[in-house]
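2 protein chains.
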Amino acid sequence: MKQTKLKDIGEFSLINSLQKLIESSAPNNIDPKFQLVAGIGDDTAVWESPKSTQLLTTDTSVEGVHFNSINSQWDDIGWKAMTANLSDIAAMGGIPLYCVISLGLNPDSFTSDILSLYTGILEASNEYGCRVVGGDISKSVPEFINIALFGYCSQKPVTRFGAQVGESVAVTGTVGGALAGLKLLTNNQDKAFSSLTKLERQHVITTHNRPHSARIHEGLKLASSGVSAAIDISDGLYADLSRLCDASKVSAKIHQPLLPVNNSLKSLSSKEQALLALQSGEEYELIYTAPSALVQQLNNSLLTPSTIIGEIIQQEAQSVTVLDRNNDQLCLQVDGWDHFIKK
Amino acid sequence: MKQTKLKDIGEFSLINSLQKLIESSAPNNIDPKFQLVAGIGDDTAVWESPKSTQLLTTDTSVEGVHFNSINSQWDDIGWKAMTANLSDIAAMGGIPLYCVISLGLNPDSFTSDILSLYTGILEASNEYGCRVVGGDISKSVPEFINIALFGYCSQKPVTRFGAQVGESVAVTGTVGGALAGLKLLTNNQDKAFSSLTKLERQHVITTHNRPHSARIHEGLKLASSGVSAAIDISDGLYADLSRLCDASKVSAKIHQPLLPVNNSLKSLSSKEQALLALQSGEEYELIYTAPSALVQQLNNSLLTPSTIIGEIIQQEAQSVTVLDRNNDQLCLQVDGWDHFIKK
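So the protein lines, in turn, are chains A and B.
For the first sequence, position 17 matches number 17 in our numbering, and the numbering has no gaps at all.
In our numbering, each residue's number is its place in the second sequence (first place is 1) plus 1000.
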C-alpha cells in the first residue's frame, strides 16, 4: 500500500486530521474548575481558572539528538516527549492540565507516522487528564517536537531549593535501565552487556523507548507530605541531584550499594551498575529529600516506592560524592550531558 | 576580535548568560496578583493566580522557513518571534504574562548572536510586562525558536467564531508592507518595485524585519467594547479573514479600494497593491467584526485606528470575496501559505 506523504496532503489537511484525533480522544477527567472555553482553532487556547498556583514547563525532542526513528517507534517517541514534560510537573507536585504541541516536520514524512507520534503523545497526556489545546506545525529537517505544558498545584509546590543538611536523599523506582537500553540499541554487540539474557536486553530497550508513566501520583504524595525538595531524573541521577544540591546550596553523599539498579542489570559488575545508575537520563523517576522517618512513612502510600540512597551534608568542594561499600570515595568519571561542547 | 562559539562554551554556560540577561531586564509591570514563585532554574515555572480566564499560545520560527539571518539581524528575528506570540494574545483581547522559550541551536553559532536574539525577544516581551520564566535548549541545524506564551483576560475573550451577518469587517493599521519588504530582501532588483524610492524600500524592509509591536492595547479595547470576533494577521489578510469566516460560519465581502495599503506602496498599480495587502503575512494587525457604529466609536480610543474594509454576508460557496471599484469580483489568485505542499 502506498503511504501518503506530508507533501501530498499539506499542512491544513494534516492539522484537520490531528484535530479530529485529539478531539476524539479528549480526556474526561480534567478538573471542571478549569473549563476549556476555546481549544484548537483560535489564536490562543482559553480556559477558566479558579485561584490556584500555576505551573508552566517546556521540553523539546530533536531527531538525531533525542530520538531516532530507526531504533524507536513513532508512538514511543511521542509518548516520551510528553512524559518528559509531565515528569517536570510531577517533580513540582503538580497536576498537568493543558498543553500546546509544536512540530517541525519533514515534507517527506509519512502522515501515518505523524498520527502515530500524536497517538503516543495522547496516550501519555490522557492518562493524567491533560488535554492538547493548540500547537504549531512548521517545515524542518531534522524534525522536532516541542511541548509546552501548563499545570497547577492544589498545595504548596515542591521546588529544588529546600533540601536541608541531615535529611535523607531518596529516589522512586529503579534506575540505569534507560541508558543500558540506549547503548544496546546503538550497538547490540556491546560487550559490556554480554551477560544479559535476551529477556533482560528486551526489558532495558523497552525502558529506554517507553519508560514508565510520569510519577504524577508520587509527586502529589511528596508535595502533600511536605518533603523539602524534589527533582525529576531527565539528565541522570548524578547530574540532576547535583542541580538540586546547587539550588539548595548543600551537598549530598550517595552510597553506591544502596542505588536501586534496574533488575535486568544485576549480572553486570558493580562498577558498571553504578555508572549506569548514576548517568542514565530520561529515566523520569523522582529524587527527593526528607527526614528518613518521612521517607519510610511515604513508602506506605507511594504507588512506586522509593529508596534512601544517601544524605544531605554540608560540604564546600563538590556537591555530590559517591561512596563504595567500604565508604571509600568512588572515583567515577560521571559525564553530564551538554548539547554543544565537543567531547 | 575572535567571537565565542557555542561549542566553545557549552549549554550550561549559555543558559547561565541567558538567565542573567533575562533577570537583569525583568519587567516591573507584571500584574502583582500573578506573583512569580519560581522562574528559570526549577522543573517548571510557578506563579500564583487569582480567578481568571487564561490563555496559552505557541509559535515556532525555523531558519530558512520563517527567518534568514543573512537578510535580518538576530535581535529583529527574536523580536518577531516574540511578537508573533504576543499578537495571538492581542487577538483574544488578553494580557501576556509568562512565557517559556525553546531554542534549537547550531553548535557553530556565535554566542553573541544568541544573546542578541534573546535581547530582541526581551525587548518585545518587556514592553507588555511579559516575563520569560523558563525554556529549553537543544542542538539543531537548521536552528529554531519556539515560544509558548501564557496570558489572561480580565474580560470576556474575543474568539474567531462570533461574526454576525451585516456587521462590518475592520482592520487596524496598514497592510502589505511586510510582504513587499520580504520580496525586496529576496530580490532587490524586483521590477515590480521599480517605482519605489530608496526611503520607501527601506521602510517596507523594516516593516518586514521589525514590524510594529503586537496590538495588545487595541485588543483590550476591542474586547472591552464587545466586538463579535477577531483574529490577527499572521498568514495574510485574505487567509486569516477566511479562517475567521470559517469559524463563524459566515462569508465576507471586501472592497479593494478600502484596503489600508502601506503608504510606501502607493506608487504601485492598484492590482499589485491589492495582492500585497491581501497576502502579506506576519503583519500582526488585528481584523475584527462589529457593527459599523461601534467601529467608528472604537477609532476614537484605539492607539492605532482601524479601517472598515467590507462586511459580513451569508453566502454558501466562498468565504471571502474581493470586489473592485466597479463592484466586480476581482479574480485574484490569492495563495495561502502551506508549509508542505510543493507549488
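Source of the hints: derived by calculation from the structure; they are not laboratory data.
There could be a bad hint or two in this list.
As the list claims (entries may be wrong) - Restricting the straight-line Cα-Cα distance to at most 25 Å, the calculated cross-link-like pairs of lysine-lysine (DSS-like) are:
{"id": "1", "chain 1": "B", "residue 1": "Lys1266", "chain 2": "A", "residue 2": "Lys156"}
{"id": "2", "chain 1": "A", "residue 1": "Lys20", "chain 2": "B", "residue 2": "Lys1020"}
{"id": "3", "chain 1": "B", "residue 1": "Lys1156", "chain 2": "A", "residue 2": "Lys249"}
{"id": "4", "chain 1": "A", "residue 1": "Lys20", "chain 2": "A", "residue 2": "Lys156"}
{"id": "5", "chain 1": "A", "residue 1": "Lys33", "chain 2": "B", "residue 2": "Lys1051"}
{"id": "6", "chain 1": "B", "residue 1": "Lys1033", "chain 2": "A", "residue 2": "Lys51"}
{"id": "7", "chain 1": "A", "residue 1": "Lys33", "chain 2": "B", "residue 2": "Lys1033"}
{"id": "8", "chain 1": "A", "residue 1": "Lys33", "chain 2": "B", "residue 2": "Lys1156"}
{"id": "9", "chain 1": "B", "residue 1": "Lys1156", "chain 2": "A", "residue 2": "Lys139"}
Stated by the list, open to error - Simulated DEER-style distance windows between Cβ atoms:
{"id": "10", "chain 1": "B", "residue 1": "Val1141", "chain 2": "A", "residue 2": "Asn71", "range": "16 to 24 Å"}
{"id": "11", "chain 1": "A", "residue 1": "Gly64", "chain 2": "B", "residue 2": "Ser1112", "range": "23 to 31 Å"}
{"id": "12", "chain 1": "A", "residue 1": "Pro50", "chain 2": "B", "residue 2": "Ala1192", "range": "29 to 37 Å"}
{"id": "13", "chain 1": "B", "residue 1": "Phe1012", "chain 2": "A", "residue 2": "Leu36", "range": "35 to 43 Å"}
{"id": "14", "chain 1": "B", "residue 1": "Lys1156", "chain 2": "A", "residue 2": "Ile15", "range": "50 to 58 Å"}
{"id": "15", "chain 1": "A", "residue 1": "Ile313", "chain 2": "B", "residue 2": "Phe1161", "range": "31 to 39 Å"}
{"id": "16", "chain 1": "A", "residue 1": "Lys5", "chain 2": "B", "residue 2": "Asp1190", "range": "55 to 63 Å"}
{"id": "17", "chain 1": "B", "residue 1": "Asn1029", "chain 2": "A", "residue 2": "Pro257", "range": "42 to 50 Å"}
{"id": "18", "chain 1": "B", "residue 1": "Thr1304", "chain 2": "A", "residue 2": "Leu36", "range": "41 to 49 Å"}
{"id": "19", "chain 1": "A", "residue 1": "Lys5", "chain 2": "B", "residue 2": "Lys1005", "range": "31 to 39 Å"}
{"id": "20", "chain 1": "A", "residue 1": "Lys51", "chain 2": "B", "residue 2": "Gly1064", "range": "31 to 39 Å"}
C-beta atoms are modelled at their ideal positions from N, C-alpha and C, and glycine is treated no differently.
Those earlier numbered hints the structure runs against, lowest number first
1, 2, 3, 4, 9, 12, 14, 15, 16, 17, 18 and 20
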